[in-house]
Amino acid sequence: MPRNRVTAVLGSSVPRPRPQPFPSRNRSTLRRRVIVGILVLLSLVLITISFRAGSGGPVHSVKGAGATVLRPFEVAAERVARPFRDVYGYFASLVHVKRENSRLKQQVNELRQKELLGQSALEQNREFRKQLKFVDSPRFPADYAPVNTRIISWATEFEQQVSIAAGSDSGIKQDTPIVTNYGLVGRVTDLTGSSAQVTLLTDENSAVPARDQTTGAIGLVRHGQGENSLLLDFVRKESNVQRGDVIVTAGTRSKQYPSLFPGGIAIGVVTSVGQSDTALYKQIQVDPYVDFSALDAVTALITHKRTPKAP
Amino acid sequence: MPADAAKAAGLLFLVVVVQLSVMANVDILSGHPNLLLVTLVCVSLLRGAVFGAVAGFSVGLLADAGVFGTLGFSALLLTLAGYWTGRYGETTGRDRAHAPVLSIAVITVLYQISALVLRYMLGEPAPAHHIFAALGPTVLLNLILTVPVYSLTRRLLRPREWVTREVRLLG
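Line by line, the protein sequences are chains A and B.
The numbering of the first sequence is the numbering used here, which starts it at 21 and goes up by one.
The numbering of the second sequence is the numbering used here, which starts it at 87 and goes up by one.
Keep in mind the hints are simulated off the structure, nothing from the lab.
Just so you know, not all the hints are guaranteed correct.
Said to hold, decoys possible - Distance ranges between label pairs, derived from CB positions:
(1) A/Gly77 to B/Arg244: 40 to 46 Å
(2) B/Arg180 to A/Leu240: 26 to 32 Å
(3) B/Leu188 to A/Ile58: 25 to 31 Å
(4) B/Arg180 to A/Ala227: 35 to 41 Å
(5) A/Glu147 to B/Leu115: 24 to 30 Å
Unchecked claim - Facing chain A, a subset of chain B residues (Cβ under 8 Å, in silico):
(6) Val103
(7) Ala139
(8) Ser200
Beta carbons are placed, not taken as given, at the ideal position from N, Cα and C, and that holds for glycine.
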């Protein structure tokens with residue numbers, strides 16, 4: 021007879037064996053519910069404190085500790101994954117390579133001509149500034165020291181934020197601008213000694229005063245409708261912004277609201293300009309130079325020059 | 087039990103790191119695979135509701151801290167995900183082959199929608215159109231991850247023995 025077979029006789033007083041419960045059922049229902057209730061309550065309390073505390077207090081210290089613990093592992097995982105991501109990126113980019121090549125060749129010719137004109141204008145500008153003894157706010161890139169660092173983690177699809185492997189120990193502060201070779205990426209919104217959170221330009225809470233380099237029209241760059249798309253908002257209808265115009269950061273334009281970003285950092289190129297009879301401003305779509313989904317390394321711009329403030 | 091907890095903790099810590107530094111940036115047909123959620127569901131199915139809830143809370147907290155997010159946000163969602171999956175594993179889903187696949191599909195949809203609602207309630211950006219457009223591919227990617235992750239988790243945390251007793255009635 022098999023070991024776990026039990027024989028019962030009908031009508032006898034032999035007690036029927038009680039069914040073996042699933043191990044987790046050994047714990048009482050009440051205990052289980054209490055544990056889950058406590059965890060849910062704790063989560064809600066943490067959310068509330070986290071929301072009210074902002075960027076300081078004990079919750080921030082907990083976050084900092086968590087980020088510090090994870091940092092070396094994230095750096096290691098990122099290093100391991102990088103070759104695979106590069107291979108994927110290489111094959112993915114092959115799909116559009118031919119069309120992109122011809123577009124870039126055309127662009128190189130145009131830019132070569134513009135560069136010659138730009139060099140001469142730059143020299144002239146430098147000379148005029150010297151003659152005028154012009155007092156200026158920090159200028160990009162001359163007055164900024166770069167801190168080059170790597171992206172170590174990405175937030176969820178809900179948030180347009182990344183973490184970088186450098187923090188206040190490297191001189192990074194709250195609101196430090198973050199760029200790549202291609203253009204503006206975003207700004208630091210939270211940091212610890214060894215890492216920092218960067219809110220990207222494509223985040224719903226980001227807004228950057230920007231300028232059309234060709235016409236000088238001023239607006240505010242913020243997130244657009246699709247992924248990796250931006251809008252240049254609050255540009256007056258009289259402005260003659262054209263498709264293909266380059267959009268750069270405007271720097272500080274108002275003494276009440278100083279910009280966090282120095283002027284002259286490239287943001288993107290205008291892809292479409294529209295306006296309706298009822299709207300007060302033009303609807304301008306901007307294609308960012310930075311590919312926010314393929315960020316790898318970024319540069320934090322540190323300046324020790326004080327931004328002049330209005331009296 | 088302590089050995090189980092240690093193994094699960096090690097696995098989930100590794101998964102948090104991989105999720106934050108690698109998987110969070112993976113975008114395939116607008117879908118974002120969530121390795122952390124998939125692993126948590128598998129662990130909860132094998133180890134029950136309380137284990138799932140505690141594991142969900144812990145990894146959620148770690149994930150929130152790792153990305154400077156709102157502390158408690160992922161912890162709340164993953165606690166509930168772990169608890170419900172664990173209950174399903176203890177009751178209806180026990181010994182059913184389709185349980186992991188079904189759990190992942192349902193929990194992924196619920197997780198995404200709950201996250202959206204919670205973000206909306208907290209006054210944070212909640213791009214519903216973007217999330218609903220990506221929901222199908224995300225579920226599909228999570229389902230693809232389910233098979234290897236469940237088999238690995240099952241190997242690591244052996245399913246508890248369910249001793250069936252046969253009763254022979256003698257007249």
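These are the hints, each one checked on the structure:
no.: 1; hint: A/Gly77 to B/Arg244: 40 to 46 Å; verdict: holds (43 Å)
no.: 2; hint: B/Arg180 to A/Leu240: 26 to 32 Å; verdict: violated (57 Å)
no.: 3; hint: B/Leu188 to A/Ile58: 25 to 31 Å; verdict: holds (28 Å)
no.: 4; hint: B/Arg180 to A/Ala227: 35 to 41 Å; verdict: violated (53 Å)
no.: 5; hint: A/Glu147 to B/Leu115: 24 to 30 Å; verdict: violated (55 Å)
no.: 6; hint: Val103; verdict: holds (4 Å)
no.: 7; hint: Ala139; verdict: holds (5 Å)
no.: 8; hint: Ser200; verdict: violated (12 Å)
Checked against the numbered hints above, the structure violates hints 2, 4, 5 and 8; every other hint is satisfied.
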